[in-house]
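Sequences are here, hints too, so could you generate the full structure?
Residue numbers (our numbering), protein chains in the order written: chain S, -19 to 316; chain U, -19 to 316; chain L, -19 to 316; chain P, -19 to 316.
Errors might be hidden in some of the hints.
The list treats identical chains as interchangeable, and a pair is accepted whether it falls inside one copy or across any two copies.
Unchecked claim - Simulated crosslink set (DSS-like; lysine-lysine; CA at most 25 Å straight-line): (1) 204 with 85; (2) 214 with 227; (3) 162 with 227; (4) 263 with 162; (5) 214 with 162; (6) 204 with 162; (7) 227 with 204; (8) 204 with 263; (9) 85 with 162; (10) 263 with 85; (11) 204 with 214; (12) 214 with 85; (13) 85 with 227; (14) 214 with 263.
Simulated from the structure, these hints should not be mistaken for laboratory data.
4 protein chains.
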Amino acid sequence: MIGVAVVGCGYWGPNVVRNFSQLPECELRALCDLDRDRLSSLGRLYPGCRLEQDFERLLRSPDIDAIAVCTPVASHFAIASAALAAGKHVLVEKPLADTVEHCEKLIDLAAQNGLILQVDHTFVYSEPVRAIRSMLRSGHIGDLLYFDSVRINLGLFRPDVNVIWDLAVHDVSIINCLIPQKPLWVSCIGIAHYGRFESQAYMTIRYENSLLAHIHVNWLAPVKLRTTVIGGSKRMIVYEDLSPSEKLRIYEKGVTTSEDPDIRKRALVDYRLGNMTAPHLEKTEPLREVCREFLRAVDGGPAPLTPGEAGLAVVRILEAAQRSVRNSSDRVLLGD
Amino acid sequence: MIGVAVVGCGYWGPNVVRNFSQLPECELRALCDLDRDRLSSLGRLYPGCRLEQDFERLLRSPDIDAIAVCTPVASHFAIASAALAAGKHVLVEKPLADTVEHCEKLIDLAAQNGLILQVDHTFVYSEPVRAIRSMLRSGHIGDLLYFDSVRINLGLFRPDVNVIWDLAVHDVSIINCLIPQKPLWVSCIGIAHYGRFESQAYMTIRYENSLLAHIHVNWLAPVKLRTTVIGGSKRMIVYEDLSPSEKLRIYEKGVTTSEDPDIRKRALVDYRLGNMTAPHLEKTEPLREVCREFLRAVDGGPAPLTPGEAGLAVVRILEAAQRSVRNSSDRVLLGD
Amino acid sequence: MIGVAVVGCGYWGPNVVRNFSQLPECELRALCDLDRDRLSSLGRLYPGCRLEQDFERLLRSPDIDAIAVCTPVASHFAIASAALAAGKHVLVEKPLADTVEHCEKLIDLAAQNGLILQVDHTFVYSEPVRAIRSMLRSGHIGDLLYFDSVRINLGLFRPDVNVIWDLAVHDVSIINCLIPQKPLWVSCIGIAHYGRFESQAYMTIRYENSLLAHIHVNWLAPVKLRTTVIGGSKRMIVYEDLSPSEKLRIYEKGVTTSEDPDIRKRALVDYRLGNMTAPHLEKTEPLREVCREFLRAVDGGPAPLTPGEAGLAVVRILEAAQRSVRNSSDRVLLGD
Amino acid sequence: MIGVAVVGCGYWGPNVVRNFSQLPECELRALCDLDRDRLSSLGRLYPGCRLEQDFERLLRSPDIDAIAVCTPVASHFAIASAALAAGKHVLVEKPLADTVEHCEKLIDLAAQNGLILQVDHTFVYSEPVRAIRSMLRSGHIGDLLYFDSVRINLGLFRPDVNVIWDLAVHDVSIINCLIPQKPLWVSCIGIAHYGRFESQAYMTIRYENSLLAHIHVNWLAPVKLRTTVIGGSKRMIVYEDLSPSEKLRIYEKGVTTSEDPDIRKRALVDYRLGNMTAPHLEKTEPLREVCREFLRAVDGGPAPLTPGEAGLAVVRILEAAQRSVRNSSDRVLLGD
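Written out as structure tokens, the structure reads:
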């Protein structure tokens, strides 16, 4: 039985705790937080769990095999690296760490010690994103033409990170999971309407073959939108994450380059107009899948969908985007 | 009585003809087109109008005071400049001309001859855009923070111009009418999915004081959207041009920088959440207003809302955007 | 070549005129209206057509084979019966006539003279309704469980008929075309909010086997809705006539009576949750199909989709509904 | 300090428990359920609470002042009457009881013993319904013309009650709270598509002055709707309970009887078209307000918004509707 501890009982931690507590593949043995009140308040729901304010003591506990890190981003590296050094498998909230360098060190540390390192890119485990990926892989969508995402609302102006690290991290993790090609460069323009952190940003990621991914994130919008449009040569997808039903709509629409010289002269392309289908999606909790994959990997099973390398790939793009913002949206190359 | 002729009876021309024919301030006297069938087909609805294939003869007609040019973009300059040289007042379909240089020459020509030159930026005359402008001018919206427009659909791949000159021209004309500040630079990334013309583009226009306008245009989208979001320090606007009712929604939402040091430390800003109002808008035909303003100006009244200079300002941005597209989205400065 | 005349150039007449004028199967030869201005104004668009204020003279014209009646409801019977008596085929705007008795007389007259009598139930010829009918006939939807229609808006308070004869006539014609069973009874409650005509009504039509059709019509609603929900044992349909795209949505949803005794005890039924599909529909003008079917029948082809009998069946239900309204919504039996 | 016990820990009970546990005006002292597992599972979250399978012992506990009854409908009367007989104040889940007679007995019993009896009509305590009521009372809406509610979805086929007692109970409680007039009669048609309980029903409630309330409830609909339209002589309201924002929209739309004889002859009424406003509503939990009002009344404060009499009034209408269903939708008078 895998012994699990969760570090950080703030906003997201309680969800991770709940999921591990319900999975039969592990035993949730300890909760850890510096804040005694938060710790005891959450602990009351899990009477079998020991509560721990001292992270060092947790690391020395032989009954803890794996640690989930749900603390603020700035502390991810310190906590995760200490846990790996102490021989614990580690699951880290997104983003994996605050810099590319820190991500690389965590990956190395995990590899050296033969430990699992996984990042919690929750959306990658959701039914809609899994369904899109499967349609892309099977050729159902045809060649990918563009990816356009809008993630806006009147959101919390976070005191520690800007809107890119808060919201665009989701889109970049989804893009990386869907688009197998290597990105060439990133360009990003960001505006800090109040305070010093950007509250609105437009990010462009350029791939070979004229493929473009574009992300609009905004903390200062009057309406809440989570809309992604994916253009393919055979079909097109609209993914509305906030829709209570029909989150995915697949359109049999598009254009085809015509052989007919008359059409070519006049309109260049032919138009296809067909059915729209909204596939039925199971209502799973993506975080439950994150935790199950982690436990399966710890138990010697296949590597998780989002290992440390997936976390690094996302942070590499966020870091480049950040550099672009500082340089008035100049392109930042993404070579290895 | 002002004598009017319309040149070009293709896609948009018949709408201009219909409006002039219904306005009591003028007499629609001639229709002109190179295509005899198109001309006679349209002419049948206006039996009092003479039909003219020879544009030169039209220019020599003393009963024609004003000419509306509804021909393809590439011919705007030649036709409009000939008309102005012949002493006719001129209304030109958007965009005013295909280059900044041509726009400037038309403006000069009109000024030298004391003639009216107006560009038909139809949206600028629409009820929703007029209402937004009035709210911005009155201070109702507060400081303008951003302008974000999405104009996408499975559109006709035009054989003569790209998606920027076809669709973004509308957004740029709206932006220019709403934002009094001078733009600093433009950046635009465009993709030609099929053929040689860009079918998707993201354009950014940067102003002073961290104000940003962003436009997404796309001929290859499965759904049709015409959505503009305008962020202000006091209120925010969502403008859905395709909505059959409630095209404008005004949100009493936003953030305010707090004086309270506790709030400042935690969240940086305070949130305002108030009513949403969708003002009742009259159902006018914007093109009718375009034609009326033109006739009023010809008759010695005030200058139209969109004189030649407005057409030049739009083409200046489109030209800069085009240059940016060719240079991988490099910023193009917009100094005079 | 079939010679056609249109009587009545008011609201709907011009649409009928336009369609007949464009169909190669006939020649539009005369327009007739008592109002000289209306007649000459419409006539200008059809210079080849003679204009006629005298209906009697029209009836005596040997070059007129068929007459379309687009006059107010109260005059349908007098005009159509005179036309039939004069040996002309007749197409009548909905409803066929103002009473069951009048409808029956028109049907008899047409039969006696071997003439075509068709009623213009436009919606029956529309792509969405045709598609629904085809799905019902093929068994795709399974057994029909219910039909629920909402047709509301802030509508014109008509001075001659109530909301039932103005709006519910559409729903009843659609229902009659979709549901092959004979209706047992009608119940209808109506309210006259202003004036003497009902401006809101709820109509229920009861069939055998617990099948129910229900219609809500309202001239006094703040929003415009044209929504029909059709429940079937295999699939369910939502038909939104105002939706610019995806007017039909087919849901693979429903319940099945379970064989499993455990489920039967607990929940009675099993739930099916599947894909939703919005079939692509051609954008045809339904009225064009009405006119084509009429001409085909006049030319000796198959009987039209909505012959006089279809008009009678609708008026029979409207008349019964009207009687129910007068009697506080008492059921009115619909035996033959 | 008021000592509270909750009886019934099934579907709704845990919400009631959570709310009482968080209110400082009381102490949650006991949970009671026949099912030991359910009891201990819920009890774990409230370690200070004693768990009780024996309802009789609970009645004898002197530290329990008030009891909330969250058991199946059929048991409401037995449990609530025993609690009142034992001198406990009682809050009962909707509907108050299964028959008018039982409701009346509970009211009598509470009155005789000077105890509070309240029914949990949750929607009545919600922000949207409170806002509508306040607008109706203040004259903002003008005279009430109609109330139309649609509450449909693919819902659980309940094994104990039909769709009227399951869903329409909400609408009737809302109607009773909004409409001060006495209802004259009820008519209801219901269909049992599967099994013996009605799964779809249309209910009409008739008031004086041509005011009509109409309710459509359906367990067999492919889409989930919770939409109420309220017509008033000055304004109209659309209430979409499922909308994540803008649940209420107030339309400055309507008609007015015109003084102008010309208008009267032609169209009978004048049309008003004005702004639409969606008022900002606080996000409160209605059940919390239910519990607070109950405690305040127990503590000697004002009577609750929904005392036993409100529960009786709702059951009176449901019972009449049920009788109407059995008699093919015959009207059932609602005299006292």
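Violations among the numbered hints, reported as their numbers in ascending order: 1, 3, 4, 6, 10, 12 and 13
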